[in-house]
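Asks: The lines below spell out each chain.
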Amino acid sequence: SPHRTHRRAPPGAVPTMNCRAEVLEVSVEGRQVEEAMLAVLHTVLLHRSTGKFHYKKEGTYSIGTVGTQDVDCDFIDFAYVRVSSEELDRALRKAVGEFKDALRNSGSDGMGQISLEFYQKKKSRWPFSDECIPWELWTIKVNVVNLANEQERQICREKVGEKLCEKIINIVEVMNRHEYLPKMPTQSEVDNVFDTSLKDVQPYLYKISYQITDSLGTSVTTTMRRLIKDTLAL
Amino acid sequence: AMDTDLSSQDRKDLDKFIKFFALKTVQVIVQARLGEKICTRSSSSPTGSDWFNLAIKDIPEVTHEAKKALAGQLPAVGRSMCVEISLKTSEGDSMELEIWCLEMNEKCDKEIKVSYTVYNRLSLLLKSLLAITRVTPAYRLSRKQGHEYVILYRIYFGEVQLSGLGEGFQTVRVGTVGTPVGTITLSCAYRINLAFMSTRQFERTPPIMGIIIDHFVDRPYPSSSPMHPCNYRAGEDNGAVYPSAEDSQEVCTTSFSTSPPSQCVFTVTKAHFQTPPPVVTDTLKVPVMGLAFSHQLSSSHLSYQPAALGVGSADMGYPVLFAGGLNAAHPHQLIGPGKEGGVPPIPSQPAHGTQADQERMCTPLDGVHYSAATPSSSEDTETVSNSSEGKCGSPHDLLETIFIRKVGAFVNKPINQVTMANLDIPFAMFAPKNVELEDNDPMVNPPDSPETESPLQGSLHSEGSSGSSTGNTHDDFVMIDFKPAFSKDDILPMDLGTFYREFQNPPQLSSLSIDIGAQSMAEDLDSLPEKLAVHEKNVKEFDAFVETLQ
Numbered sequence: 001s002p003h004r005t006h007r008r009a010p011p012g013a014v015p016t017m018n019c020r021a022e023v024l025e026v027s028v029e030g031r032q033v034e035e036a037m038l039a040v041l042h043t044v045l046l047h048r049s050t051g052k053f054h055y056k057k058e059g060t061y062s063i064g065t066v067g068t069q070d071v072d073c074d075f076i077d078f079a080y081v082r083v084s085s086e087e088l089d090r091a092l093r094k095a096v097g098e099f100k101d102a103l104r105n106s107g108s109d110g111m112g113q114i115s116l117e118f119y120q121k122k123k124s125r126w127p128f129s130d131e132c133i134p135w136e137l138w139t140i141k142v143n144v145v146n147l148a149n150e151q152e153r154q155i156c157r158e159k160v161g162e163k164l165c166e167k168i169i170n171i172v173e174v175m176n177r178h179e180y181l182p183k184m185p186t187q188s189e190v191d192n193v194f195d196t197s198l199k200d201v202q203p204y205l206y207k208i209s210y211q212i213t214d215s216l217g218t219s220v221t222t223t224m225r226r227l228i229k230d231t232l233a234l
Numbered sequence: 001a002m003d004t005d006l007s008s009q010d011r012k013d014l015d016k017f018i019k020f021f022a023l024k025t026v027q028v029i030v031q032a033r034l035g036e037k038i039c040t041r042s043s044s045s046p047t048g049s050d051w052f053n054l055a056i057k058d059i060p061e062v063t064h065e066a067k068k069a070l071a072g073q074l075p076a077v078g079r080s081m082c083v084e085i086s087l088k089t090s091e092g093d094s095m096e097l098e099i100w101c102l103e104m105n106e107k108c109d110k111e112i113k114v115s116y117t118v119y120n121r122l123s124l125l126l127k128s129l130l131a132i133t134r135v136t137p138a139y140r141l142s143r144k145q146g147h148e149y150v151i152l153y154r155i156y157f158g159e160v161q162l163s164g165l166g167e168g169f170q171t172v173r174v175g176t177v178g179t180p181v182g183t184i185t186l187s188c189a190y191r192i193n194l195a196f197m198s199t200r201q202f203e204r205t206p207p208i209m210g211i212i213i214d215h216f217v218d219r220p221y222p223s224s225s226p227m228h229p230c231n232y233r234a235g236e237d238n239g240a241v242y243p244s245a246e247d248s249q250e251v252c253t254t255s256f257s258t259s260p261p262s263q264c265v266f267t268v269t270k271a272h273f274q275t276p277p278p279v280v281t282d283t284l285k286v287p288v289m290g291l292a293f294s295h296q297l298s299s300s301h302l303s304y305q306p307a308a309l310g311v312g313s314a315d316m317g318y319p320v321l322f323a324g325g326l327n328a329a330h331p332h333q334l335i336g337p338g339k340e341g342g343v344p345p346i347p348s349q350p351a352h353g354t355q356a357d358q359e360r361m362c363t364p365l366d367g368v369h370y371s372a373a374t375p376s377s378s379e380d381t382e383t384v385s386n387s388s389e390g391k392c393g394s395p396h397d398l399l400e401t402i403f404i405r406k407v408g409a410f411v412n413k414p415i416n417q418v419t420m421a422n423l424d425i426p427f428a429m430f431a432p433k434n435v436e437l438e439d440n441d442p443m444v445n446p447p448d449s450p451e452t453e454s455p456l457q458g459s460l461h462s463e464g465s466s467g468s469s470t471g472n473t474h475d476d477f478v479m480i481d482f483k484p485a486f487s488k489d490d491i492l493p494m495d496l497g498t499f500y501r502e503f504q505n506p507p508q509l510s511s512l513s514i515d516i517g518a519q520s521m522a523e524d525l526d527s528l529p530e531k532l533a534v535h536e537k538n539v540k541e542f543d544a545f546v547e548t549l550q
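So the sequences go chain by chain: A and B. Going by the UniProt record's numbering, the first sequence opens with residue 1, and the numbers climb by one from there. Going by the UniProt record's numbering, the second sequence opens with residue 1, and the numbers climb by one from there.
Same shape as in the complex, but just chain A (with noise of 0.2 Å):
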């Protein structure tokens, strides 16, 4: 990749325009949708998580340390590192456990996408509500296919364990380019940077919506509830 200089953006100023978006597809059967979907995820988040931070005396902070377990696929030949860290673990295995009952459930013809999106909260003054400006956002598109015998699911095992492979290729290709990522927030806003809710680890602030396209070509969009309540607070 070409040298960048690395620039400081000047101090209170957030991106409007700077998100950057990254598409990936996947086509796998039914069963595979909740391991495909979660090494994506993982993958992506095991990047954008550090230790918790502790701030000391003098805006100084430390880090606490990340760790990381290897986790095996039951129905893709593929395995994939993903943090540990249980509870985030509990919160992406209830949103792909969501987006795949809505796949199910919707009758369509199994296509669907799950975004992952990268924000930071800019505080307002009243009576403005804060912002929530992405700065980086992944999507992966879905397409689940029916397959009629063993031998086919065999063939899909390897298959999807190889495209998955390279979409882990692609997603650290993309961590590599060293873009924008938030400036390393002072005490006072760091909740507007990272999600310190976890006891563990800090991934930065993100939330997950998915959305299934059925049959007519329609998209019915159903979203997270915390991110419905988000937008319609004042």
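Among the clues, some could well be false.
As the list claims (entries may be wrong) - If you want a taste of the chain B side facing chain A, the calculated C-beta under 10 Å gives, among others:
1. E36
2. S45
3. T133
4. R134
5. Y139
6. R143
7. V174
8. T176
9. G178
None of these hints come from the bench; they were simulated from the model. All C-beta atoms in this analysis are idealised placements derived from N, C-alpha and C, irrespective of residue type, glycine included.
Keeping the supplied structure of chain A fixed, place chain B upon it in accordance with the hints.
Replies: Frame of chain A, contents of chain B only:
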């Protein structure tokens, strides 16, 4: 700082970061090839000694080897640190699988902050390395090591040597980090012609029959660095202790909650397969090296001539030892030294392996005997004889059969029942000659089914395609002749198998053909009111949902 020259403190920090980055890189790579799942814990309170804020365990022997290779130097232009991962079979043949390269180039980023940005980006790069080490082909191979092969590593410093990877190797870049003294690059070059090593073939083989291969041969240290098994570990009580560090204050020696087993173990190898394993996959690349492999494999044991492959590096290294790496299907334990009778202890000096067959010893593991678990083994169960010299067990020719991978259920038979009608294997023209013996087998070549007339021509995968496969079989499918159960039917003149083949690929339904496109569009439009009615019926649900959000 905007100074063009690095402050001395920054320079010292940078050198330290690069050094420990190199050491951690080696740990991540070797640990990813141990054959085990790695798990380390997150810790919210900083322990103060976890480099790059990541919990990466330090295996002392690995650190020792890395430091030895670096010999106090740091990666610089033209001086790269390389971790070579190779595979070594129980027969003693080895093959390079990957070279991981940590390089430095001249592109400097003078403005970057060392203590902050460079450090964090190195941390990010290690995370990328964790991710990428699981997606190259060697990962899956290393997870299944222990039966027919083990995975070894070798660290060297200097010029990158990629010639041992065979033709057509691929590279993946893990990432780069710019620093004021140059840009650090981490990448992996990996062999892709692993076609002969379908990982599934190793899953199906029964566990080792209690044979040990002992590669111990004392040899003076060679000039190039020795190979080490990825999962060799000295026992705690063994005395083969490596100094943890000269600068002990800086090295992370924090132990983490789940560490791999530390007992010494020996290789076990199997004398023969009891089920002919599939040896080919659908790998697309067919470089010359791979062909040499497969051809050899078809006619002999899982061995190949290193000379034919141009694998130059001598087979030297530690005794081929490895820890568990076993999947749940094979829950047997490997034995530590001195704990079971007849097992030679690991010397505290690392010894070097050898290709010489005659130096192997086969020693039965007392009390450890495995029987095959595969269904077809009943015909050819053969216990391994506990001979003490030479090749272990009876040289049952395990790979005299080539087994087409994609076969239907219940077809787990030797080759004489497999038709080569559709050679789906990637280098079919090099398939062994013995398949031609099957020409006369009526199971393989059924007597004249009316092939040209019927549209089906042997493919189960018509997938609704309008055309019929005209005489040559579909790419994805191999036709296996089989005797369907209960297929004797006196009423019909033809047998069930023929009937099935005849009619399994019926022509496409006319309603699905394009001519009727217009008609189905009208039907779609007609169905719209119905769909709208369904949505309207559910409007209460939607409203209720919105209510809950208030």
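Asks: Hey, does the T133/B contact hint survive, CB to chain A under 10 Å?
Replies: At about 8 Å, which falls below the 10 Å cut-off, the nearest Cβ of chain A leaves the hint on T133/B intact, so it holds.
Asks: Can the hint on V174/B be confirmed by a CB-to-CB distance to chain A that is less than 10 Å?
Replies: Hint holds; V174/B Cβ to chain A Cβ min 7 Å, cut 10 Å.
Asks: Double-check S45/B for me: the hint is only fine if its C-beta lies closer than 10 Å to a C-beta in chain A.
Replies: 6 Å, holds
Asks: Tell me if the interface restraint on R143/B is satisfied: Cβ within less than 10 Å of some Cβ in chain A.
Replies: Result: holds, 7 Å to nearest chain A Cβ.
Asks: Identify whether the interface hint at Y139/B stands, where standing means a beta carbon of chain A within less than 10 Å of its own.
Replies: 7 Å, holds
Asks: With 10 Å as the cut and Cβ atoms as the points, is R134/B at the interface with chain A?
Replies: 5 Å, holds
Asks: Report holds or violated for the interface hint on G178/B, using the least CB-CB distance to chain A and a cut-off of 10 Å.
Replies: 7 Å, holds
Asks: Let's test the interface hint: is any C-beta of chain A closer than 10 Å to that of E36/B?
Replies: At 8 Å from the nearest chain A Cβ, E36/B passes the 10 Å test, so the hint holds.
Asks: With a cut-off of 10 Å, does the beta carbon of T176/B approach a beta carbon of chain A closely enough for the hint to hold?
Replies: Cβ of T176/B sits 6 Å from chain A, so the hint holds.
Against the hints set out earlier in the document, no violation occurs for any number.
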